[in-house]
Structures are given as structure tokens and as C-alpha cells.
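> For reference, the chains in residue letters:
6 protein chains.
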Amino acid sequence: MNGIPGKSGVVVRNIRRAEGSSIEALARFGVATVHEAQGRKGLLDAALRPIQQDVTIAGSALTVLVPPGDNWMFHVAVEQCKPGDLLIVAMTSPCTDGYFGDLLATSLKARGVVGLVTDGGVRDTRTLREMRFPVWSRAIHAQGTVKETLGAVNVPIVCAGQWVNPGDVVLADDDGVVVVRRQEAGQVVEASRRRSALEEQKRKRLAAGELGLDLYDMRARLAEKGLKYFDTLDEAGD
Amino acid sequence: MNGIPGKSGVVVRNIRRAEGSSIEALARFGVATVHEAQGRKGLLDAALRPIQQDVTIAGSALTVLVPPGDNWMFHVAVEQCKPGDLLIVAMTSPCTDGYFGDLLATSLKARGVVGLVTDGGVRDTRTLREMRFPVWSRAIHAQGTVKETLGAVNVPIVCAGQWVNPGDVVLADDDGVVVVRRQEAGQVVEASRRRSALEEQKRKRLAAGELGLDLYDMRARLAEKGLKYFDTLDEAGD
Amino acid sequence: MNGIPGKSGVVVRNIRRAEGSSIEALARFGVATVHEAQGRKGLLDAALRPIQQDVTIAGSALTVLVPPGDNWMFHVAVEQCKPGDLLIVAMTSPCTDGYFGDLLATSLKARGVVGLVTDGGVRDTRTLREMRFPVWSRAIHAQGTVKETLGAVNVPIVCAGQWVNPGDVVLADDDGVVVVRRQEAGQVVEASRRRSALEEQKRKRLAAGELGLDLYDMRARLAEKGLKYFDTLDEAGD
Amino acid sequence: MNGIPGKSGVVVRNIRRAEGSSIEALARFGVATVHEAQGRKGLLDAALRPIQQDVTIAGSALTVLVPPGDNWMFHVAVEQCKPGDLLIVAMTSPCTDGYFGDLLATSLKARGVVGLVTDGGVRDTRTLREMRFPVWSRAIHAQGTVKETLGAVNVPIVCAGQWVNPGDVVLADDDGVVVVRRQEAGQVVEASRRRSALEEQKRKRLAAGELGLDLYDMRARLAEKGLKYFDTLDEAGD
Amino acid sequence: MNGIPGKSGVVVRNIRRAEGSSIEALARFGVATVHEAQGRKGLLDAALRPIQQDVTIAGSALTVLVPPGDNWMFHVAVEQCKPGDLLIVAMTSPCTDGYFGDLLATSLKARGVVGLVTDGGVRDTRTLREMRFPVWSRAIHAQGTVKETLGAVNVPIVCAGQWVNPGDVVLADDDGVVVVRRQEAGQVVEASRRRSALEEQKRKRLAAGELGLDLYDMRARLAEKGLKYFDTLDEAGD
Amino acid sequence: MNGIPGKSGVVVRNIRRAEGSSIEALARFGVATVHEAQGRKGLLDAALRPIQQDVTIAGSALTVLVPPGDNWMFHVAVEQCKPGDLLIVAMTSPCTDGYFGDLLATSLKARGVVGLVTDGGVRDTRTLREMRFPVWSRAIHAQGTVKETLGAVNVPIVCAGQWVNPGDVVLADDDGVVVVRRQEAGQVVEASRRRSALEEQKRKRLAAGELGLDLYDMRARLAEKGLKYFDTLDEAGD
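Taken in order, these protein sequences are the chains called A, B, C, D, E and F. Numbered by the numbering used here, the letters in the first sequence go through residues 1170 to 1407 in order. Numbered by the numbering used here, the letters in the second sequence go through residues 1170 to 1407 in order. Numbered by the numbering used here, the letters in the third sequence go through residues 1170 to 1407 in order. Numbered by the numbering used here, the letters in the fourth sequence go through residues 1170 to 1407 in order. Numbered by the numbering used here, the letters in the fifth sequence go through residues 1170 to 1407 in order. Numbered by the numbering used here, the letters in the sixth sequence go through residues 1170 to 1407 in order.
Please keep in mind that the hints were generated in silico from the structure rather than gathered at the bench. There may be inaccurate statements among the hints.
Stated by the list, open to error - Covered stretches of chain F (in silico footprint by chain E; criterion: 3 or more residues with CB under 8 Å from a CB of chain E, positions within the stretch not fixed):
id	region
1	1191-1205
2	1267-1279
3	1313-1323
4	1343-1350
5	1363-1376
Keep in mind that this is a model prediction, so the values were computed, not measured. Don't be surprised by glycine CBs; every beta carbon is placed ideally from N, CA and C.
All chains should be modelled from the sequences, with the hints used to inform the complete structure.
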């Protein structure tokens, strides 16, 4: 794990996958909750957006590294996929071509892959929605790709600003995409549960009209920082 | 009103709010119509986009100024909100973090706030849509914020390129967001009504096949400017 | 056709339109398929996005060239439109103002125009969706325009990076927009049909679990390029 | 000052200008210092960049509002200029056309204008540098403009995110552009002086090797916030 | 010339080149002047920027079309170059990799090529400046490319939004890049000369303090459009 | 090294630094060469640009992680710096505020730090150039920051798309920034030397007019891929 992602021509067959129970549990929380629960880390660049609405998925990362404008490695990756995997793809150099469409999605669905997260572009988006194959991508672009240059499968990658290891858990919803280390998945599930329960309580009190200022006990600290209340804008002396 | 927005540590309790009747009336027109009716001014940057579709809201501006990555002032603002208010938030420096989520929305709904317009990011977007709390933002971003630095509430702000005073009317729909001065709201309602009625008439004539060239009497002025008609591209000598 | 697009003050009345049968046939394929079928050319910039979802249209290009912030030529263009035309609009200089709204759409619908593709901005988007008038644009912007400066109608234009002649076929769906030369439309229909049939066969085999590696016979070429398989990441020596 | 900027067809002849002594004094400080000294407010969007290097200017704002792609108002503005003025220009809608070139600069120089700040584009940049007429703009673009539509001169504008009144002081250097209210210019000069003197002292101590941690007395507060020091990364347990 | 650029695998050996005398003449004017002189057309996207300052070049277009991340065709193009050519390169899909560096520049210099205009990225920029080989590009990026996929040489291309034929004149300076049709080069030289002479006269009068309002006789037309002068902002009734 | 960067409140005092001899050797090559020599990996996002021209630096990475709009950790980091270090700074969330100016640069210079690479903004750029303290940043922005929230020093970070460990070698020049693993620095120096020597030979042959097509023996492979030469564009049948 000391190298810099970028090594090409390599496929790793056996990876340790995240446990199904952790994946299932994380899928019940949203990206925002899990991101907070693990200490505000692991969030991919907000430029990755879903092509569908109101869908949440989680899976064990099957990582792919591809050259600009070349989707050959997607085909190599399919063979390595197992049910519950989520394909996550980074480019060796920025490129938003339409690397991925409905044929590859058909292949992935046949192998039980739960969805795709990619730092590049995709196409056939209407068909992908009809197939109910969820996708998060940087772009929608009909531009085709070639199959000439090698990349890598199941090596650590940096995707949209985050280091992802094969077998990490990737969680995606309308808010974005977050990665959870395989080794930390269990404790992040627990932390997310606690946070979620706590939020549920707060939600009830806030819905009943209680103020966050009181619920979070903020008034003293605000005053200490120097917050001043004025009756009118003129008094505030803008 | 001579100062430059940016003063921190200030909360103004009493502001003059826009009249409910003007707000209601404006909400029946779209942003494009109101923007035209008031002389093509007051439009916020087109980068602010709705997280939901086919929703129009209008409200009296409750202004908030927040530092980058810090949502403390949202909580301070909630206490100042009254039914019919619309929260409009600017950053002291550009930041697209997820300042706002479902808990704050629960609080605002409990106080009768009609929606949020923000120059920053939001999260929990699926839940916000389920709650039917409408939001316009520059970004969707799960990235959390801290509560360490003061901002201001109910002071004039520049949000997405427009100066907004507390109590101005803010109108938002699928086309974007427009601000109407509180003092001008009545006359803008009238102008919007006239424009809308006029457009309804035009719509009928255009739907019946009449040409805009004739309806707007454009032919003479086009000829005067030098517009030439040719039978073929070759004649035009491109 | 040797000139550089940009000539203003010109309207061409008679253009050769694409054949209805070719247009209809192309409309049954998606943009991605047609783009591939004609040799990966003719794709407009991916920044043009639809304001509606899951709609595909094709039409004979009625080209319009407009100055920044001035939509006068849209009105001139309407008169030249015939049923089956698709309005495609380029700016003489980049501008994302809201050139186009529901009144112009009403006029175009009355003349049988199938939709709009524009390198600028549009407004009244909710109404446009309600009218079922499909639009692809670079931006949604309520900002109005003036009627002061001439442009051109039915001259060749460069729109979103592609040269478009009046009478070419323009095809648009959720993946983007592609232009097909009028003279090549027939053969592109044929090539799209072949490609589509071929893809249907592949889809079945892939859905049944066959691998693309075998279906496309990729293994030997991958090995020749130097692809290496390892059992673990450690062996790969990353 | 209650209106929303955007009113067209207006030229104001007499404005109160900032005092020459304040302008001169501010020009001796950098944008970063003045921005801090006036409480971190008044900074224009960082997208405005200089076309030259290592130049600082300050002047009394002569404000101009122009339509997209139309530079007519520049010519109207010239007549209103006096020595020591700085032309600051906003667009009624975003446009990066080359509104301004060497002929207008010649006119402005002849009237003693110190430079240009514009939210649009400029051209003839090499000649402008040779003439030593300093410019800050959003873009460099050779695209020409027309003279068809009115704007306004010497009305309040929102330029690159900041409200600017005619007669405010505008200061620009390699770091960007900041506006100082005319009424506050004197006190901002004083605050800048104090800050600058203080920084000079700090600079000497820091250059001598003293640590900011000690100079600013940060250690206790950092510890209180929970900062932990570890001898190695392993101990930190990343 | 009816096809859509994008055809790959083609090299054209004999093209008609622009006349040396026209090229030389155009190089004496700036991009802004030539762009105006030929009727405000032919300007490439303003995103193309020079890597050096205060350099103007003109040459006969040697066109190259390359796939994303693949610079093989640059090497094919070198053989076709003659003294006075200017290499202009478009991508079949957007890509800002560093296609071009000092070795290719050495080759081009050896063949008398005057410079490079590219819609992609370049590297070795410091060395390129030292070699005095002028370059305009969309990006500076050290990212390397491969040599696996064919493109085309000396076919018409759309580069940065403009159609360019082999043998057209390309002119580049600090303001950007403009293309002039080979067949129109002579008359554009003449038009540029007239415009330039006219500007020289105006420059003198403006430098002497004459107002553009008078020089261009604008006052009557401004009044007719409704421009109003007010003594103070209050009178203008903002 | 299994964690996700983002842990806050941590300072690591002892890190293994890259060897001075490797650093010095790498500094003699450019970023493009080193990037190629280590297998086209380790390149930071091209959006990081230098504030000066024609400067190359290399140093041992002293990593800093900071919250948006908060530069407190810069001060903490200074104490950990040793001669030959290069400060490299990532944000926990995107922010282009001016975190860094001449006072911090004075401190770093006093401790022998060779320069700064940051994914955020900087200010006082003119002074930084005068001080000859080299900086690569995502933005130039006068916007100030606060000192309220902790980050981390000397933990692994993802900066501009690349994972960087404390003690890795960072190399920066006009083309961008590349990171070399500490453990691989020696072999990358060797590979860079070989590549550089090879390039020197090629440069001479290319300068003498030899074609890359022959030097790299490309003709057979181009023919095999199907490259066709035509005498004229008409023959090519475009």
C-alpha cells in the first residue's frame, strides 16, 4: 500500500471483501450520517452526481483504474465481480467520456453488482434508469471510448479525491458518495446507529418547536464569542 | 444601509416584513415574469438550483450571513423566524459545504418558514424532498460544518450577486430566484399582473398560428436594421 | 460553405430538409447508438442538458445564430419553420441568458416544430415541461434578452462545438445531442439498425452471464499488451 | 439606495468622490491588508484577475452598468470621468465579451482615470500593458461588442459579488480587488496603518525565528481544543 | 467538406497553403483587429491561452485531430509540415492531457513551424518559452499520453468552437486565436489595414481629449433611445 | 496507513524525511520527466498553478490538513519544519480562501522551508515573489481565514487528487506538481536520469531534422492500425 496509484497492467483476483452485514447496515443510513459518524472523512468530490433520484446503495468496492477515453478495463473487471460488489472507477487522467452504458450494466447486473461510481462519464442513462442499475458519475456524455490501453483492477485508487482500497465499503445516495474502510465498517455502523437514534430524538423535539439554541445549549458560548442582539438594524449601526 | 455586508456578531430582532398579500400575489407568477415586470433586475446567479422540481415559493427574507464551513448562525436565525419567512443565506467567502440538512429543516418548518435559498451547499436532499421543504442551493454536498465562528442575522447581504435586505420578498421557482424590494412589492405585483394578462392574450394568438413578427410589429424595424432574405444559401453568398 | 459562421443580417428561406423517414428512423435509436454508428462524430458538447427526462426527439435542423443577450432572431426564425423542424441555436459569443420561454414555444408548437437545442439559456422551464415542448440548453436562466441586433437564420452554424448545416438531422435524448449530415442520414439509419440489432444479441448473451472478455474475444490481445493477473495485492507488489 | 441595481438609461453627473488623501493612503497598502483592516468585508470575487503583474492602484469609483455584449455605456461614462477616478463595470447579465480595448483606454488616460475593474472581458491586452493602463477583468476575450442598448453610469452596482457606490474607494493589486465605503475610507486608512505597523513588527520577530505559536500565544488554546502531539504516525493510530 | 469532422486514420499530403504575404501582413495586426475586420467571426474559444506573453504569430493551418490522451498523430503531422505552417490541434473528445512538449517542439522548429494552437494540454512550458516556440493551449498539464489510436492530419477540424480548414490562416496573440479562411485572407488584410489606419486616427483624437461621444456622433442616438442625465442620484430616483 | 485522511487534532513530531541527495537530484529534472520516469503516476491536479514563473523546487513533504477557511494548523506546522521541507496542504473540504501570506512565508523561510504547495488559496502574492518564496496554489484570494478549528500535521493527506505521506518527495515547476514516494525516490532519480539522457539524444537528432516517425520506428505500426495517406482531401473523401 506504499505505492502511488497508477500502476497499469495489473489485475488482482482475490481481495478481502467487506462483510455483507456491515454493508446492509450502512445502506440503511444516508451518506451524510455515515460521513459524520466516521469523523467527517471519506467523502468523494461533490461533482459526482446520481443519474437517478431517491436511490441509496452500498457495496464492497471493486476498484478499476482506466486511461482517458479507454474502457477496456471495465470488461476485465466484470470477470472479477461477485454479488454485492460495487464497481468504483478512477481515471489515470481526467476524462468525462461515456465509458459505460447499458451493455456493461447488463453484464454487471448478471453478476450481482449493486451499482457504479465513476469519476468519468456514462451514457444510455435512460436505459440504465429503466434497468434500475444505479450510477453516480462526473458527467453524462454519449462520447464513445476505445479499447487499446491497459489499466488495473483491484488495486488501491484515488477516486474523486478519496483513496479507495478494494473491499472498502462504498455508500452512495442523493447527497453523494462516501467510502468506509473495510476494517472500520463495523464500528462505523455502530457510530451511525447512535448518531441516527440521537437525531431521531432531536427531530421530535425540534418538530415540537424547541429551539436548537436551547437543545444544543448554545446561548452561553455565543455570548462569550461576542454575539450581540439589537432591536433594529439602525441600532446595529450596520 | 451604507456599510458593506460582512459585519459579524450581529442579530437584528425586529425587521419590517413584506406584506402577506404581496407575497401571496407574487407566488402566483413565475420568476421570469416578475423579473421582467420589475425591469429586469433582482435576479440571483443562475448557479442556484432547486433540489426539487415544479415548486414555486415566495416569502419575506430572513437574511443570514455565515463563515465558510460554519453553520452556527443557522441555529441563531431559527429563533428569529416567523410564519411566511424565507431563509436566505450568504457566505462571507465562497463555500459549498453541506450547511443545511433535515434537522434544521424540521426546525424551520415548525416555525412556518416557507423554504431556503442559499449560496452554499445542502444535504439530506432526499429527506428534504420527502418533507416537502423546498430548497435552492449552489451545491449538494454531504460535507459537514462546524459551529465555531459568528456571522450575522437580519442584516443586508449580497447573496449570489444580489443585495438582499431583511424583509424583501424572495421568489423562487424552477427558473431561479429573484428578489423584490419590500417597498416595491405592491407595484411589482401590479406590473406582473399586467404582464401576465398581456402574455395570456399573446399566447392565444401565437397558439392560433399568428407570427410574433406581426404580433410585435417587427418587420419594419428588422428591414431598417438591414435584414435581408434570400431564397437559397448560395444567393446569400455565405 | 467555405465561409466562417458569423455572418449577420441574413435569412435563407429555402433549405433542403432531411427526409421524414430518416428522421423517424433515427428517433428510434438513442444518441449514443447513432454517434457510434456514424463513426463517433457529430456529438455536441456534453454541457447541453435536457430540461425534461426520458424524452428523445429528432428533426430537420432550422439553424439560428443570435448575438449575446438578444433573441430577436428567434422571432424571425419562427416564420421559416415547417412541421418536423427542430430549432438549433448558436450564439456569436458565449451567453447563457434566458433567450427562450413559453411564448416562443407556443409559436413553435403551432408550426409543428419538434423541439429546441440551444447553446444558450432558457426560462419558463416548468411551463415548457407542462406543454411537452422538449428543450436541450446550456443553462436555465430567468434573465431576459433584448431585440436590438441582427443575427442569421438558416446559415451553417457551429453550435456547442459542432458544425450544423440547415437541413441536417439533429437527434437529442438524455445522453446529449448529435448531428447527422442530411446526405448521410440514410446510411446512418442503416448503420444504427445493424449496430442496434448486434447490441440486442450481445445484451441477451451478457444477461445470461457470458463475459465480454469472451464475447469480444479480448483475452489474447490483453495478454499480448502485458496484462498480468495476481492472486493478491501483495503479489502484485503495488 | 433602496432600489435594486439594474435601472437602465440613467447617467448621474455629480457624485461625491472619495478624498484624494484617503485614496493615496490606501494605495500604499495591499488588498489583503485593507480587507483585514476593515473587518474582512468588501472583497470582490477572486475570478477578477489583473492583466499585468506587480501593480497596485486605488481610485474613486466611477460605476458603469452594461448589457451583455454591448459597450455603449463605456463611451457615455468617459465624459463623466475626472482625474483619480477608477472605472468599475458590472454587467446586467454575465458576459465575458471583450468590451474594452486600447482606444477606450486612450480616452480614459486622457482624462486621468487610474485604471479599470470589470466583471466582463477585455482585449488589446498587450497594448494595454504597453500603455501602462492597469486592468482587472474576469476574462481576456477578443470578441467585440455592439452599441445598441442602454445601461447606466454612476448608479450603485453589484460588481463581482460586491455592492459598489459611485465615489467609494476601489483598491486593486495582484491579490484581487476590494471596495471601501467613501464614508469609511478615513478610518480604514487608520486601521490599515495600525495593522501594517503591527505586521512589520511581527515580520521581524518571525524572520528571527520566533514561532507564531508563541508570538500569538496559541499553545493553551490549541491544547484546550484537544490538539495532541505524537512522536510517530503509528502512535497517532491513524 | 460536407462531412462531420471526426474521420480517423487519414493523412492528406497536399493542401493549398495560405500565401506567405497574407500571413505576414496579418501577423502585423492583432487578433482583435482582424476579428473585427472580417466581421466578428472566426474567434476560437477564449479558454485557449498563451504560455508566453507579448508574442504574436500567424501561419498556414496544418490541422491535426487526436483522440483523448493519445498524441500519436502529432508525430505523423510533423512529416507534413512546411516552413510557415502553424500546427492546430483538436481532440475528438475533450481532454487536457499534456500531449505536447519540448521534443515535439524541437521537431517542429526544425521544419520551420511557427507555433502551436491546441484545444488540449501541453507540458515542458518553461523549456518551450526558452526555445521561443510559442504555444496557445487550453491547459498546462504534465500528464503524459499514449500512442495507440489513430486520428487524422490535414482534414477540416472544429477546434475550440471554430471550423478550421487545412491552409486557413491562424493568427494568435495575447488576446486569443482567430482563423481566417485562406480564400478571404487577402481581403481581410485589406480590411484590417483600413481599420487599423482608422483606429490610429481615432487614437490621436482620443488621446488629445476628444470624446468618443462626439467622435462617433453618439449623442442623438443615445437621446433617442431614452438616455437621461441627472444631476444627482436622488434626482435619478434609483 | 489504512485510515482515511481526515483525522483532526493530531500532530506527528517525528517523520522519516526523504534523503537530501534524492531531493537535490530530482530538482534537476522537470515534473514532466519525473512523472514519466516513475510510470505516469503521482501527478497532482493541474488546477494547482505557480504564482511565479520559471522556478523549480523539490522538498520533503511536511503535510498539513486544514478545515475550510481556517489556517490555524499552518502555525502549528511551522514548528515541525526543518530545512529542506516543503509544506503541502490539503483542505478537509474544498475552499480557496487566502490561508497563506507573507508573514507565514517569513516564518517558513526562517526555518529553511523550500516552498508551499496548497489545494487552497494564497495572498500577498507580489510580496511572496519579492521574497522569492515559491508557491503553487489552487487560487489567489485576499479573503482572510480564522483560527478556530483543529486540523492535523504530518499525517497522510489526499491533496489535489494524490495521496501524500509525510516525508515523500514533492517536486514542483511550471508544469505542475508531482509526488514521489520516499521509498522510491532513489530509483525514480535513476529512471529520470536515464530518461533525460535518452531525451537529450533524441533532441539532437530531432533538431537535425530526423523525423519521430523514423526515430521511434512508428511507420509499420501506423500502417497496421490502418493509417491511410491521400494526396488530396477530395481523395480522402471526407
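> Compare the structure with each hint and give your call.
Structure-based check of all given hints:
With 5 residues bearing a CB less than 8 Å from a CB of chain E, the region 1191-1205 of chain F meets the requirement of three and the coverage assertion stands. Coverage of the region 1267-1279 of chain F by chain E is violated. Counting CB-CB distances below 8 Å, 0 residues qualify, and the rule asks for three or more. Counting residues of the region 1313-1323 of chain F whose CB lies closer than 8 Å to any CB of chain E gives 0, which falls below the minimum of 3, so the coverage claim is violated. Three residues within the 8 Å Cβ limit are the bar, and the region 1343-1350 of chain F against chain E gives 4, so the coverage statement holds.
For a cut-off of 8 Å, the count of residues in the region 1363-1376 of chain F with a CB near a CB of chain E stands at 5, and the three-residue condition holds.
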